[in-house]
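When we follow the numbering used here, the leftmost residue of the sequence shown carries the number -3, and every step to the right adds one.
The hints are simulated quantities; they were obtained by calculation from the structure and are not laboratory data. One or more hints might be untrue.
[Stated by the list, open to error] Taking lysine-lysine and the DSS-like style, the derived pairs with C-alpha atoms no more than 27 angstroms apart in a straight line are: (1) 580 to 424; (2) 424 to 581; (3) 236 to 370.
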Amino acid sequence: MASFFGRLDYQDKANREQLREMEQIWRASASLQPPGADLFTGVLPNGYNPPLSLCWDQFCSDSPVVDDASDENNVDSLVAYFLETAAAQAKHYRTNHIVMTMGSDFQYENANLWYKNMDKLIKHVNAQQLNGSQVHVLYSTPTCYLWDLFKANLSWSLKYDDFFPYADGPHHFWTGYFTSRPAFKRYERLSNNFLQVCNQLEALAGPVARTGPYGEGDSAVLRRAMAVAQHHDAVSGTEKQHVANDYAKRLAAGWDACQVLVSNALASISGNKENFIYCNYLNISVCPLTESAGTFMVILYNPLGRRVSWNIRLPVKGASYSVTDPNGQMVPNEVVPVSNFTRAVRRDRGDATHELIFPALAPPLGYSTYAVSKTASGALRSRLAKRIREQAQPRVDACCPREIQNEHLRVLFDPVTGLVREIQNLDKSISLRVSQNFFWYNASIGNDVSVQASGAYIFRPNRSEPLAVARQARTYLVKNKLVQEVYQNFSSWCSQVVRLYAGQAYVELEWTVGPIPIDDGLGKEIISRFETSLRTDGRFYTDSNGREILERRRDYRATWNLSQTEPVAGNYYPVNSRIYIKDKKFQLTVLTDRSQGGSSVADGSVELMVHRRLLYDDNRGVGSPCWSRASTATAWWCGAGTSSSWTRWSLRPIGTGCRPSRSSWRPSWSWPLEGARPSTGGSAASSSSRL
């Protein structure tokens, strides 16, 4: 098995060409016994483009091969040029077999032109063998090429890290797309999770899932849409806006088809034919059934192979509710006001005044249903009205330091700034001074050093130090038996909830950012930064596509001596699930709910880029600025250019930080499916596992 690719850092490529290490064994796992994860990896000579002057599609301007009897006959010059090019390329590779890619983006629109000219080139180059040339040209495939390398029986150099970050020039780091279009990145991850649920229930229920009481269900629609979304200009966020809209439209159509299938499957498995309602707008506290019904059932399907505890949050209009679990036992619940942040984002798409919160359990590969009924309580209604008035006027309260805590953690807030000040692990009796705030990098539009602008692909701030969105956050506090929350308002377009659920060993940050203002003519790249006193020695750690962990070192590359030209962008790495820093005592881990760019640009700090809105194109093929205007056509996007998310973080002693973070991170990829249905006289809470 092998991989061939074209894009790697320009400094890395120059070094590899000199050392003739353009091909190597990529030892892709530190935990698996070699050669279990070894991958032969080849770097292509010209990216994925043809050699210079040998482009023959209909929009190319290079001269075709003219081999007839005319004054324009150029066979001799083209053959000589090709042989020179092949000889120069061969100096960087170790065998007498080399690859030339013939084609590029948007090519083979006229394949006849390509093959007509390549046929002629092959014919005339090979004819030179009669004159002593040792070059033989043929059409080939990666498989055939790899077979000839295998027969060479060489020992290859080893590579243990990855190829990030990538730059094609001194100020051209392709680290912006790690975050571009964050709403679509989240929608893609949600869609992947729902596709797995859809696939599971299709297998568990059998044919009835595809043809049942709710109509014709089909998992293939979402499967195809997800496949398209994996394109390197789809989930990466490097497409034009109308193309992003189409990707989202395809996913939404897939959701519709899978929702019918899931409804049919759950109806068959549970034996209940009541209408199954999907609350697709829970992220902005909208669900018509739970808002309007006095009684309803909540269904929680768990796609994991272990039991899951999940905190349900449903938009409601009442002040008091009772919740019954599958065993007929009363479940503790709380009602909290819908935040002003959420009201501003959802606008007129719902009118829930509160959120009902209760803990739920779902068996492995199974479902649980909970019965919910509105109850009367004048005292609760009065108390909630007071909470709503309080959050309407959030404040900075210098007299009373705010804090939230549960059985495992305590988070303290600065009474002057309203920012997080300290986190304490109560289980381990340890604490860490930590400050978290939102900042923005002013996106470069090019300067005297380089005309490169920040864009959909490229991240290039015009200075290394970001600007704070606000130095103070206006706050209000919610405390009850199930959850404790501090609501932080940084600006009209940036807010956050710092949350601790009962029993959870991590802090949850739910942020809402956007639309990012650009009235000042400045592009902005928004980060969430944690600053601590940890002595990290320039090291931080990111996941490798959600699996292994790779050590990153600031201003360092393992395979060559780096000449750093962008101290921020040149230290950004993709973060698909988690990033952490540690010293000899403690580890601070941050988990994400989508792919983002992240780094530690100073010792003791961690930052994640959460959103970006730019005014200039970066000249990498998109042809438009990265405006990141979210489409309202999809169920999970809300507001033009607004993105909301949660981040989880925890503090643990060294040696205990990995396993808990993995269990906490797992729901960011595979989490329970929530739904609701009307409650009838015969409805009862139930539970079932397919294991």
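Okay, the hints, checked on the actual structure:
| no. | hint | result |
| --- | --- | --- |
| 1 | 580 to 424 | 15 angstroms, holds |
| 2 | 424 to 581 | 12 angstroms, holds |
| 3 | 236 to 370 | 47 angstroms, violated |
Hint check: a violation occurs at hint 3 only; the rest are consistent with the structure.
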